[in-house]
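Participant: Take a look at the letters that make up each chain.
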Amino acid sequence: MDPSRAPVVPADTAPPPTDFSAIFERHFDYVWFTLRRLGVPERDLEDVTHDVFVQVYKQFEQFDHARPVRPWLFGFSYRLASDYRRLARHRFEMLGDEVETIDGSPSAAEHLMTRQKLELVWAALAELDLERRALFILHEVEGCPIPEVAKVLQIPLNTAYSRLRLAREQFAKAVQRLRSRRGEP
Amino acid sequence: MNEKEPPVFDEQLEPLRFEFSRGASPAARARVRARLDHTIAGLAANPVDAGRPSPESAPLQMAPPSGPVGMLAAKPVWLAATAFLLGGATGAGLYASLRAPVDRVVYVDRPVSTPESSAFTPSPAALKAAPITTQARDDEKNAAGAPPPARAAAPSPAASGLAAERALLDRARKALGTGDGADAARTLQLHARRYPTGFLVEEREALTIKIMVENGQIEEARKLGLKFRERYPQSLFGPAVDEALGTNP
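Residue numbers (this note's numbering), protein chains in the order written: chain A, 1 to 185; chain B, 186 to 434.
Source of the hints: derived by calculation from the structure; they are not laboratory data.
Glycine included, each C-beta is placed from N, C-alpha and C at the ideal position.
Heads up, some of the hints might be wrong.
[What the hints assert, rightly or not] Coverage of chain A stretches by chain B, computed from C-beta distances (three or more under 8 Å per stretch; other residues unrestricted):
(1) 37-49
(2) 64-78
(3) 154-160
[Said to hold, decoys possible] Once the Cα atoms are required to be at most 25 Å apart in a straight line, the calculated BS3-like pairs of lysine-lysine come out as:
(4) B:K359 with A:K151
(5) A:K117 with A:K173
(6) B:K412 with A:K58
(7) A:K173 with A:K58
Use the sequences and the hints to build the structure in full.
Facilitator: The structure is reproduced here in structure tokens:
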């Protein structure tokens, strides 16, 4: 990734926390929104977030503090989201269902516009299968380099590049189609 | 695809930045934190089941002053102080009356049918490096697959089963990572016996193939790999299976 490019999710520049409680406090939002983007619906987010942190707790001693913590947390989130989707495979994915109100918007119009844009991103992400979506989020949204992405997702490097290419194409087409459906340019 | 391509999705993905900057609901955070305190208190009371050492030797520093964990930690001190002040029999009696009841952990074996599902299981013949030993049977009692203690947060039965399955497969993967193929295979056999039609059968089968390759059972692994690909053509574990079998392009 181009070093000059800022990730969509602000980078975590603080040193990794050395205790579990600090990880929870600092990265709760990260895990929450990661699971959301990986397709866990709002109604089950608390359950799955809880399960992610239980796994983090159990494996905390294996965490290499020399490495960034977010990709490590993403790995847990990805696996739990994958398990969840396997359990809930009979359900339709409803990204954006029952979303809690986004507080503090300067105006109702801005709120609505932001909400519509968010829904478009969610809908486009939902068209990617989980493995492509995970890779796309890690790389495009969070700015994680592809070699690191390959490690987190436990896939060969070439597979990661190939999957990235397909995910980008699929996401771009989905955005274009959804926009034209809404009458946007 | 070259990583140094100019960004093309910044505009589309910008709303995610906004969403993240708002943060999750504080109420949701508090609820998850409370549940987590509860669960960790249960795990700390049963460190073997939790798959981690006792809290005394662990570097974990869950904030003790608040939540159930803090209450549990503070109670013995309070009881001791009370006993000291009231003295002798009064103190002992008070201690006995106020002492937190000891949790009873009841292990219930889930009835398991004969593994006749379409999914293959890692049989002793297939995994020749993995004889079932008394250790494996002990593991069956002690593995994280045992039900969580009564005090832990009460997840749904499906969620508990999934967590138990997950713990077993994690253990097998860890054993494989440390080169202990025999233990990895034993753990997979344990999973196959306990969860012949479990949620994570697909992942177990993928791991089985990997372990067979590690154990040098290449031909058997290839045959199982073919079956795996037929059964799960879109599997998330397909690339890992291909890689283990050396068929990844």
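Participant: What are the numbers of the hints the structure violates, in ascending order?
Facilitator: Hints 2, 6 and 7 not satisfied by this model.
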